[in-house]
Amino acid sequence: MRPRILQTARPGDAWPVRPAGPAPLHTAARATQAGAPGRELWAGIHLAENDAAGKLEQLGMSAQRFTPRVSLAPPDGLLLEVQGSLHLFAGVAGLRGALLTECLRLEVRPVLAFAPTALAALAMARAGVACEVPEPAQLTGKLARLPLSSLRWPQDTLARLARMGVRTIGAALRLPRAGFARRFGDAQLAMLDVLTGRAPEVRVTFRAPERFRRRRELGCELESHDLVLAALAPLLAELDEFLAARELGVVELECRLIHRHAPLTRCVVRLASPATDVHRLTALLGEHLSALELPEPVRAGELAAVALMPHRPESESLWQPGERGGSSGREGCDLIERLRARLGAGAVHGLTRLPAYRPEKAWAVAEPPSASRHRAMVKGSADPAPARRRPLWLFPAPQRLSVRNGLPRRRGPLRLVSEPERIETGWWDGGEIARDYYTAVDIHGVHLWIFRERAAPHDWFLHGVFG
Amino acid sequence: MGATAQLARLLEHPAIWRGASAAHPEGLATGFSALDAYLPGKGWPRTGLIEILVPRFGSGELYLLLPALSALTRARCARWCVWVAPPLMPFAPALAAEGIALDRVAVVSGARPLWALEQALGSGACDAVLAWARRPKAREIRRLQLAAERGRTLGVLFRPRRAAREASAAVLRLALAPTGTGVRITLLKGRTTQRSAIDLALRG
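First to last, the protein sequences are chains B and C. If you count by the numbering used here, then the first sequence holds residues 7 to 473, one letter each, in order. If you count by the numbering used here, then the second sequence holds residues -6 to 197, one letter each, in order.
Calculated from the structure, these hints are not laboratory results. Each statement offered as a hint is correct.
Under 7 Å between C-beta atoms, here's a sample of chain B residues computed to sit facing chain C:
(1) Arg344
(2) Trp399
(3) Val452
(4) Val471
Backbone N, C-alpha and C define an ideal beta-carbon position, used for all residues, glycine too.
Next up, chain B with everything else stripped away, as it sits in the complex (with noise of 0.2 Å):
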């Protein structure tokens, strides 16, 4: 399983897990301090010419769970600073084969150095030594043997430091200073300062774009939903990537397939929480996509996150829903989606009540319950109750009763067993009612709410039940 803590850390957020660099990361640019109290260890990547191209960002971003100080070294090194990072991979050596396994799975071979300073990682990793160099004291020692090449100066400044027999980082590091950026130039000097630490860094940070939008073409014509939904599924994948290096989660996700003739077909997902887990997310799509009508098999399929919501990740429970008080957040949406996506957004709703006496604006259709595990109190009698008794169940209209002798039927005599309570309101937005209700018992015995009108004709009508 991955590491997903560091899901967590993201640049100018609260963190829970801060690596121990010494200022918060609230600017994309900033100066490491030689020196300063807070020690750095930078992970240095060379990736082999060939895989490079195309591949480095996607590494920048995938590496962003690593780290949040991501940063790239065009063409061909990526640099993270690692030092808060280690105790979660269980120090240099599993944070190396953890960036290994990341660099495989996007199929590039890496060369990976740790040092203190950022420019001897990337140096080392150049150089094509994968060593770990963890203390500040040994960098000078083991940049020495380092071949001068791999600091990537011009090409005439090397020739002439070959020529004074110059080959190495560390011969170089020998020449007296003054005389160094007088014939090399300052900014040579410079860049030595900081390789060795002398001199503090400026490095930007990478920060990936923060829209999702990818295509998919097939290859082949797909006619099942369930094939379409497998060819999606390398984008979900990556959208799964992209939301975790963000601490994102998505709330709107849109699928277009793509046809040969026919327009395009349009799929939205809409989730009551913002998901992060591909596997709610594959699933829901899948549950959209086979209530879709294909006019043609698919060519190429489009996913597209709508919009996008910060996503916290909350502490789980230690105990099972429904164990113990153990609450249900998760499930409760996922539960919501799941019927949503079958039955139809209008299936599942919920229950507010408003205070207003007609009974049929007593209430209201209400977004189903929030799945917050810390809702608010319950209200307690907050808007008055009615004074009395209420049905269990109204009928979405009132039904005309017939009468016989004055007196309302259904199935039979009704029997009044209650006083009468006149509702007699609305007259300012033209829903004016003016009833008598009664309790009434049917000869089965069933507590009914019946009502009749005051004017005339005095019509009786039924419009609960009591259950």
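Keeping the supplied structure of chain B fixed, place chain C upon it in accordance with the hints.
Just chain C, lined up with the frame of chain B:
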């Protein structure tokens, strides 16, 4: 005699756990003391499917459940109470007046009540699911019972009285008949010592 005493002493060993002494899972108080005493487990089961057979809709079946539903929805970590395919719309003010927390109530309508019921029972998101199904088959009831166990949910299925003749996998079956002031309850299935029907007063 000696052997029996030895055996009894052996069985007192703390490492031995005997099935007969297992505490029965505590039921959910129904709110009616006579009914609590009548039902196995001293209340509604917290998990599993129960059937309530009524001669016709509105025979007092919902009032029988309201105290328990009220307690469930007002619990601190309440899960949902889902109503699947009710024949009429539940009247929110009356439910609130009976003490049900409306923010835990969801109503599901639509074409496939049994599917929705199984989903709700098995999801683990609900404390109780009430359902009015047209004519569920014995096999479907078995599935519902399994789903209720999976989701640790109390499922209540309201069915017409004539269904009493059919076999059912429900853990508890009750038949209801309205009396003048309340209902008469007969236990059709469920372990109890008392086989006679009991009368409850529902409407004050």
